[in-house]
Amino acid sequence: MMVRLTRPALAAPLAMPLTVLPLTVLLVAGCLGAAGGCAAPREGGPSIQVAAGPVLDSAGATIEVVAGAALVDTPLHIRVSGLRPAQRVSVQARITDGRNVEWQAGGSYSADRSGLLDLDHRAPCPGAYAGVDGMGLLWSMTPAPGYPEGTRFDPPRARVQLRLAVRSGERTIATRTVTRRWFAEGVTRRSLDPVADGLAGELYLPPAGSPRHSGVLLVGGAEGGRSREYDAALLASHGHPALALAYFGERGLPATLRDVPLEYFATAARRLAAEPAVAADGIVIDGASRGAEAALLTAQDHPDLVRGVILRSPSSDVHPGNPGPGVAWTRQGRPVPPGPIPVDRVAAPVLAIAGEADGVWDSARMAGQLMLRLDGAGVTARHRVLSYAEAGHAAGASPYLPGSAAVTDPISRLPVDPGGTPAGNAAAQVQSWAETLAFLDGTGRS
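Numbering (this note's numbering), first residue to last: 4 to 449.
There may be inaccurate statements among the hints.
[Said to hold, decoys possible] Quick list of simulated restraints, FRET-style, between CB atoms:
{"no.": "1", "residue 1": "A161", "residue 2": "A441", "range": "38 to 48 Å"}
{"no.": "2", "residue 1": "L417", "residue 2": "R160", "range": "53 to 63 Å"}
{"no.": "3", "residue 1": "G381", "residue 2": "Q335", "range": "46 to 56 Å"}
{"no.": "4", "residue 1": "A147", "residue 2": "Q335", "range": "48 to 58 Å"}
{"no.": "5", "residue 1": "P88", "residue 2": "D157", "range": "38 to 48 Å"}
{"no.": "6", "residue 1": "T77", "residue 2": "D200", "range": "41 to 51 Å"}
{"no.": "7", "residue 1": "T191", "residue 2": "T77", "range": "19 to 29 Å"}
{"no.": "8", "residue 1": "E105", "residue 2": "R174", "range": "32 to 42 Å"}
{"no.": "9", "residue 1": "P323", "residue 2": "A441", "range": "45 to 55 Å"}
Rather than coming from a laboratory, the hints here were simulated on the basis of the structure.
All C-beta atoms in this analysis are idealised placements derived from N, C-alpha and C, irrespective of residue type, glycine included.
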């Protein structure tokens, strides 16, 4: 089954990044209004319960944020009250990432007739994005001037501090810092060591006493390491025990993506299934990019163990080792040669997520090939593709975060443009994350 999103649900970015414009220039340009190509604001909207603790400046402007201490994957509702009717102000958002890189976005907005600016109902004119989108300031962020082209967003550990500022002319009239967390209160983390535990990864468990849900084994791509840790933290916050598995590039593991035994993934799945917090009916394996190969091969080899499969920006084929020559995977000590991934023994439902503008490889086409292969093999479990027209290799990433201008090529391991537009990627991430949670909730709980 193919589900295709042909139009992004989020606003489109402007061709010129806002971050190169001084705020004084931004305010002058913003006065062009509709003549500057900005979307008309919408009046009204639902009432919002305001979070406590806003910061008030001497002029009376206040930044109000709902869900101000929420999970990273939760949308915020940002309002500025206490403005003059139709007053134009600029709003800027900043995040410092895990490598101390400053990311920022901003826009010029006009208050409504009551002096309220609600980003859920007002478009920037101009801004880092175009159209009405309450989360646009987060996903449209780019590195501040001075950082090299292609700088990647490295998520800060544990929490994201979002700094908001409102300016009128040359004056800052309100500020607020909002904490965004990767894991909910009560979630626990356990680091697994390949020497002591036989596995390398980060295991996140839901709060004690939570209902038992399917466990999720998260497998990253050619970047190696424990790259899916943040996804694991979020999934545990939603009730799913999750293990972000490293399979090369660490002590006790293959140094590169070569000769990785597929049995290692089955061992990890069984280790996760043994956790008391995991429901008794199996494991969902979630693979991204090159990790999708390992996920599908594990589901093929162990249909009794794998209850569900999620493939993010997948290939339909087994690719060579990296660096070559050689193979990426072995089975019982024998090399798994490059070629089409067999699926005739897959018994679990499969959800594939792909961007039609993928700059790394044609994941949408290959995801479709996998669905046809499953159909041809007579696999009766439900399988479908979520295909996003304007998204790239990051279509299945966590939502509401700055997009990186480069990802690791799964073959060369060099930086490459992941493809898609910022708005297209953001829209795909919001929807595919919701679909991921729905898929997991449908695979079993007790």
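Structure-based check of all given hints:
1. A161 with A441: 38 to 48 Å: 27 Å, violated
2. L417 with R160: 53 to 63 Å: 26 Å, violated
3. G381 with Q335: 46 to 56 Å: Roughly 26 Å apart at Cβ, these two residues miss the hinted range, so it is violated.
4. A147 with Q335: 48 to 58 Å: 51 Å, holds
5. P88 with D157: 38 to 48 Å: 42 Å, holds
6. T77 with D200: 41 to 51 Å: 32 Å, violated
7. T191 with T77: 19 to 29 Å: 20 Å, holds
8. E105 with R174: 32 to 42 Å: The hint (32 to 42 Å, Cβ to Cβ) is violated, given that E105 and R174 are roughly 22 Å apart.
9. P323 with A441: 45 to 55 Å: Since P323 and A441 have Cβ atoms about 35 Å apart, the given range 45 to 55 Å is violated.
Against the hints set out earlier in the document, violations occur for numbers 1, 2, 3, 6, 8 and 9.
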